Amino acid sequence: MAVIKTDHLSRVYEDHGVPVKAVDDVSLSIEEGEFTAIVGPSGSGKTTFLNMVGGLDAPSSGTIEVDGKQISQMKQNELIGFRLRHIGFVFQAYNLIPVLTAKENVEFIMLLQKKSKAERDKRATELLDAVGLGDRLGRRPHELSGGQQQRVAVARALASMPSFVLADEPTANLDSTSAENLLDIMERLNKEQKMTFVFSTHDPRVVARAHRVVTLRDGAIESDETRS
Amino acid sequence: MIWSIAWRNVWRNGKRSGILIGAIAFGIWAGLLMVALMNGMAEQQVKAAIETRTSHIQIHSEGFRSHRDIKSIIPQGDSLLTAVRNMDEVVGAAERAVLTAMASSATTGSGIQLIGIDPDAEKQVTDVYTKVIEGDYFETKKRNPVIIGKELADKLGVQLGKKIVLTGQAKDGSIAAGAFRIVGIYQTVNSMYDEMTVFVKRSDVAKTFGIGDDVHEIAIVVNGIAAIDPVAKTLRDSNPSLEVATWRNLSPEVALTKDSTAQMNEIFMIVILIALIFGITNTMLMGVLERMRELGVIIALGMKHGMIFLMVLLETVFLSLVGGLLGIILGWGTVELLGKSGIDLSAVSSGLAAFGMDTVIYPQMAASEYPVVVFLVIITAIVASIYPGLKAIRLNPIQAIRTY
Ligand SMILES: Nc1ncnc2c1ncn2[C@@H]1O[C@H](COP(=O)(O)OP(=O)(O)O)[C@@H](O)[C@H]1O
Ligand SMILES: [Mg+2]
Chain L
4 MAVIKTDHLS RVYEDHGVPV KAVDDVSLSI EEGEFTAIVG PSGSGKTTFL
54 NMVGGLDAPS SGTIEVDGKQ ISQMKQNELI GFRLRHIGFV FQAYNLIPVL
104 TAKENVEFIM LLQKKSKAER DKRATELLDA VGLGDRLGRR PHELSGGQQQ
154 RVAVARALAS MPSFVLADEP TANLDSTSAE NLLDIMERLN KEQKMTFVFS
204 THDPRVVARA HRVVTLRDGA IESDETRS
Chain V
2 MIWSIAWRNV WRNGKRSGIL IGAIAFGIWA GLLMVALMNG MAEQQVKAAI
52 ETRTSHIQIH SEGFRSHRDI KSIIPQGDSL LTAVRNMDEV VGAAERAVLT
102 AMASSATTGS GIQLIGIDPD AEKQVTDVYT KVIEGDYFET KKRNPVIIGK
152 ELADKLGVQL GKKIVLTGQA KDGSIAAGAF RIVGIYQTVN SMYDEMTVFV
202 KRSDVAKTFG IGDDVHEIAI VVNGIAAIDP VAKTLRDSNP SLEVATWRNL
252 SPEVALTKDS TAQMNEIFMI VILIALIFGI TNTMLMGVLE RMRELGVIIA
302 LGMKHGMIFL MVLLETVFLS LVGGLLGIIL GWGTVELLGK SGIDLSAVSS
352 GLAAFGMDTV IYPQMAASEY PVVVFLVIIT AIVASIYPGL KAIRLNPIQA
402 IRTY
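These protein sequences, in sequence, are chains L and V.
Each residue of the first sequence is one higher than the one before, counting from 4 in my numbering.
Each residue of the second sequence is one higher than the one before, counting from 2 in my numbering.
Hints in this document: simulated from the structure, not taken from any laboratory.
Please read these numbers as outputs of a predicted model, since none were measured by experiment.
Careful: at least some of the hints might be erroneous.
Computed spacing ranges between beta-carbons, pair by pair [claimed, not checked]:
1. V/Ala-31 x L/Ser-119: 45 to 53 Å
2. V/Ile-380 x L/Glu-34: 37 to 45 Å
3. V/Ile-383 x L/Gln-79: 33 to 41 Å
4. V/Tyr-388 x L/Gln-73: 54 to 62 Å
5. V/Tyr-388 x L/Ser-119: 51 to 59 Å
6. V/Val-375 x L/Pro-22: 54 to 62 Å
Note that beta-carbon positions come from the ideal geometry of N, C-alpha and C, so glycine has one too.
In isolation and in its complexed conformation, chain L is listed as follows (with noise of 0.2 Å):
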């Protein structure tokens, strides 16, 4: 079954009164479990494209289709909750709760989706050291790498138990054995866990850790290739 589909989904700005086709006619469709890279130079539109996937803006035109259910009609207060239970974020940066521990920062979302204390404790451990932080716990972010910073984010992410997880250009800031690291951690979660991954980036050596490349050029899709 497919976990995201989109219709002809297209997205126009105006700029200084310019229309600019940020996203621009995508019918895609992403299948449960995918390891996906979408692709493209800057200003080519994942952003746009990944942001609207994810409920945080909506299509000028075109429709959004998330486990089933269409988003793109959804109110904003219906898109919080569902954003809450359905969908994993990681961003570029700023990712985490500063005055939180990593162990609290993946707890607050388990919180907010009104987890007992006991199972947000066991899952927030657990997933810790899936991405091998389980010995940094109780650090904050700011005792904490960017690439540890950015695998507790993962960890967040997975904390929800969403249908996928959406990961914005999450290496962008990272050195290279910081972002292979990233990589061999969601690989892993993706395999281990059936967990769906669909990331942006425009990093070659990320790129060739994807099964699936999506290519998009001025906000269209350019090329769509699976490797095995």
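Based on the hints, put chain V with the ligands in the right spot on chain L.
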């Protein structure tokens, strides 16, 4: 966790929070001290007025207080006095003869209020006997003793032991006069009263002005402020032909001062809190704007608007309460300290005494006022958090998160 995020956020920018906490603490401290000072002043005025001048209640015949006619007496004054003294709430009562008269020395004269008293009974209702600074309160056995205020003594140019002549209209309409020897000089906080009020024994007034045992005034002290109105009502009901006045009627200017002080204090505190609202709002707004990205992220993750608002609100309340409680503790300490030692305003306030005020003020604050201030600080914080809270809610996450 929302609570702990809010609490930890307070301390994130320690310097900025510290400055605001200091400002709030100072504002509350200064406000409390000011209010306590005003309270103290008003209460001392009330206390001085009651204890030295008006007592709690006075009884006169109808109209006496306005025309002061020597013939306007309280009929059967002695039996009324006995009845009053027998009331449960009454602690002390005394009868007086009150005449308008003229006091003269060899050089000059001055219009006065001549009060004929029974010294022992009088001690139960006024504390003038404790204000005698030279001589004594009718203890020295002399013929025709008189006690005058310091102000009048200075005006007439007389000293203790000297004689003055008291002249006035006798009951039969003739002009009567008598020579009286100064056995005591008193000084209260109210120099106008000291210049106007002269005490002699009631028996001496009777002889000089031919009024026998006529009584013009009965002064009463009851066992607490709360008993004043009930006792006054009972007396009014049982003596419809007499005028029963409480200290509020007798000294309306002091009553007004007390009431308006309470109102002024409220306004003063509200003005301080409103000023604080702007400071708090400003600081919180800076905090919210500084945290756009992380707020954007948590909105994106799926935190409801209500929760975001609550987070900002809690942070504001915590921040304000830290400052507020600090200010209250400091204010409480200062008020307690100065409430015992008093603040001497004599250097700046030579005029105060003319208005019946002490020059040493004892700030005072009822313990029940402090929780009210805590409550007001919380309200202030909530009001101050509205704008930054709305700002946080209205944040567009995609713009906040954008990294280009
Ligand atoms: N809020 C906006 N207002 C105007 N133009 C925008 C806005 N957001 C994105 N764009 C434009 O849309 C295009 C795609 O941007 P974006 O989705 O950020 O691309 P990418 O993430 O691939 O770099 C760019 O030309 C960008 O300038
Ligand atoms: Mg981008």
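Hints, one by one, checked against the model:
no., hint, in the structure
1, V/Ala-31 x L/Ser-119: 45 to 53 Å, "holds, 48 Å"
2, V/Ile-380 x L/Glu-34: 37 to 45 Å, "violated, 55 Å"
3, V/Ile-383 x L/Gln-79: 33 to 41 Å, "violated, 25 Å"
4, V/Tyr-388 x L/Gln-73: 54 to 62 Å, "violated, 36 Å"
5, V/Tyr-388 x L/Ser-119: 51 to 59 Å, "violated, 36 Å"
6, V/Val-375 x L/Pro-22: 54 to 62 Å, "holds, 56 Å"
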